[in-house]
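Participant: Please arrange chains B, C and D on chain A, whose structure you already have, making use of the hints.
4 protein chains.
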Amino acid sequence: MDKLEVNLDYFARQQCSIQWGAFLAAFAGEFGEQIPVGELRVLMARLGKSMAENMPMPAGNTIAELAESINDVWFEMNWGRVDLVEKEDGLFVEHHLAPLQGAFGDEALAWSPAILEGIYAHWFSAMGASSALQLTQVEPVLPDSLLIVFRFGRAA
Amino acid sequence: MDKLEVNLDYFARQQCSIQWGAFLAAFAGEFGEQIPVGELRVLMARLGKSMAENMPMPAGNTIAELAESINDVWFEMNWGRVDLVEKEDGLFVEHHLAPLQGAFGDEALAWSPAILEGIYAHWFSAMGASSALQLTQVEPVLPDSLLIVFRFGRAA
Amino acid sequence: MDKLEVNLDYFARQQCSIQWGAFLAAFAGEFGEQIPVGELRVLMARLGKSMAENMPMPAGNTIAELAESINDVWFEMNWGRVDLVEKEDGLFVEHHLAPLQGAFGDEALAWSPAILEGIYAHWFSAMGASSALQLTQVEPVLPDSLLIVFRFGRAA
Amino acid sequence: MDKLEVNLDYFARQQCSIQWGAFLAAFAGEFGEQIPVGELRVLMARLGKSMAENMPMPAGNTIAELAESINDVWFEMNWGRVDLVEKEDGLFVEHHLAPLQGAFGDEALAWSPAILEGIYAHWFSAMGASSALQLTQVEPVLPDSLLIVFRFGRAA
Chain A
-12 MDKLEVNLDY FARQQCSIQW GAFLAAFAGE FGEQIPVGEL RVLMARLGKS MAENMPMPAG
48 NTIAELAESI NDVWFEMNWG RVDLVEKEDG LFVEHHLAPL QGAFGDEALA WSPAILEGIY
108 AHWFSAMGAS SALQLTQVEP VLPDSLLIVF RFGRAA
Chain B
-12 MDKLEVNLDY FARQQCSIQW GAFLAAFAGE FGEQIPVGEL RVLMARLGKS MAENMPMPAG
48 NTIAELAESI NDVWFEMNWG RVDLVEKEDG LFVEHHLAPL QGAFGDEALA WSPAILEGIY
108 AHWFSAMGAS SALQLTQVEP VLPDSLLIVF RFGRAA
Chain C
-12 MDKLEVNLDY FARQQCSIQW GAFLAAFAGE FGEQIPVGEL RVLMARLGKS MAENMPMPAG
48 NTIAELAESI NDVWFEMNWG RVDLVEKEDG LFVEHHLAPL QGAFGDEALA WSPAILEGIY
108 AHWFSAMGAS SALQLTQVEP VLPDSLLIVF RFGRAA
Chain D
-12 MDKLEVNLDY FARQQCSIQW GAFLAAFAGE FGEQIPVGEL RVLMARLGKS MAENMPMPAG
48 NTIAELAESI NDVWFEMNWG RVDLVEKEDG LFVEHHLAPL QGAFGDEALA WSPAILEGIY
108 AHWFSAMGAS SALQLTQVEP VLPDSLLIVF RFGRAA
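Residue numbers (our numbering), protein chains in the order written: chain A, -12 to 143; chain B, -12 to 143; chain C, -12 to 143; chain D, -12 to 143.
Mixed in with the good hints, there may be bad ones.
If chains are identical, the list can't say which one is meant, so a pair holds when it fits in one copy or spans any two.
[Claimed, not checked] Result set (DMTMM-like, lysine to aspartate or glutamate): computed pairs, CA atoms no more than 20 Å apart in a straight line:
#	residue 1	residue 2
1	Lys(-10)	Asp131
2	Lys36	Glu(-8)
3	Lys74	Glu52
4	Lys36	Asp59
5	Lys(-10)	Glu55
Don't read these hints as lab results, they were simulated from the structure.
Okay, chain A solo, but in the shape it has when bound (with noise of 0.2 Å):
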């Protein structure tokens, strides 16, 4: 790791609360071993879509107003941070720096993705986006990048 790399690794570790490490790291030990990954995220895009329902709903005229009403909402949260980008096959959610892998680890990142998943697909469908767009994670997720991509579009 270089400089920045090994600063960012620090962050990442105190990122997670104290308060509730502990059992999210139970929590993903447990399901993780039982239920099968397919399940597993449809549980969490489940949990992800009710935490929305009592979150603050971001709210914009662009693109760019949009994702700064998100990031306020992920900052008073600490769940890091969204570039929207805009491509041809769709607007890709780039989020960065979610506390997904501190509080789960890193082999629950083949499903605690879901949990943002649920929430942005809550907040297009809020906003009235077509029912015929949905919300797919861009695969994979490297553990080192803190990076998750979900691309909003047609089904490819």
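Facilitator: Just chains B, C and D now, with coordinates in the frame of chain A:
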């Protein structure tokens, strides 16, 4: 509420980590609705045991030393504090100020304390307590009391 | 201490940020030893005024609304909570659970509350209160009370 | 800023405790305006020494062990991390991610690092280092670098 109670309520609202509050509330809503209380208690106790395996192990030659050692662990995690009280019918574990209510809500008090039950049971077992002794929660938990009591002793 | 008081004491020890506790204690030791209390109060009130200029400005059409708005600011910062009580000889600002004692220590209670004095004075002034009205601390502060009282009214 | 730098910036803004941010910024504004930098550095170094007297004392039989022990202290306080680098002209103390900039601001970087200087000097002295060796900051601190470097060795 008198002044002291209002003050306690203030701190109790501050206590639960902002980072995970929304997730834990969603967890409580989803699981509390779909899984019977008895099964939820079993699940929570298992998560507690799993947490304890990755937490520091308290120790002490006397009940007072043990209580102090346990309280060091809880203080570090901001999980409240405990009084250990010896009575005729067992050792009473009086846990104050657990963040369970702030995290999982009032209704979940029917099952969320089983996390603590799992942790304490693991500790007593690891200290070599006889398997004839059991840890059971002394009902009921009053939402305003911020107090959860367990009895460790022979089955009644 | 009875149970409620022990519980409050637990939370009070949790309240002061670990990150700055050592610095603020050193500040209190150094300044408390070298600067007379009267001058320290002037300095602290000036720091409070300066803080208030960069904090959200509370507002409200009634005393109750104002108290609620102020409490939103304090809760966000984890600086405790306030009751505003109208009496014949002025408006009493009863500030509970300020982190001053945890940060600066018991001895510093002779001067640390002047930070709050500077903040409240700035707010009342910015709201257009007559300059004939003054904010003064009602003595004494008891270390165990976690309560600091100011009177806002005409000079006695 | 590239991605890594944006991520570091995010964490740096999260790092400074919300509870004391406003006070420390007011402190920096008031003192920075009224006291010459040289005197401020002396004051800050004295506060650092006083902090160190109430902090855990690091230890180690090798430079690597010492660095690890120091980093345990800093991690617990969320004060960043250190690399200790031996060179021909002394031991270089490279402190990354101190919360000083977030707390006191960019301008205060001319004097706020003297807190660290006071702490490290106290530690080296308490470990029995020769009084012929001095700790001096290697200038300058770049606001974007989140890196503060000291040299511990004979006066140049």
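Participant: Each hint should be assessed against the structure and marked as holding or not.
Facilitator: The hints, checked one at a time:
1. Taking identical chains as interchangeable, the C-alpha atoms of Lys(-10) and Asp131 lie at most 20 Å apart whether they share a chain (14 Å) or sit on different chains (13 Å).
2. In this assembly of identical chains, Lys36 and Glu(-8) lie within 20 Å of each other by CA distance neither inside one copy nor across copies; the values are 32 Å within and 31 Å between.
3. With identical chains, the CA atoms of Lys74 and Glu52 are at most 20 Å apart within one copy only, with a shortest distance of 17 Å there and 48 Å across copies.
4. In this assembly of identical chains, Lys36 and Asp59 lie within 20 Å of each other by CA distance solely inside one copy; the values are 18 Å within and 27 Å between copies.
5. Taking CA atoms no more than 20 Å apart as the test, Lys(-10) paired with Glu55 passes between copies only; the shortest distance there is 17 Å, against 29 Å inside one copy.
The structure does not agree with numbered hint 2 stated previously, though it agrees with all others.
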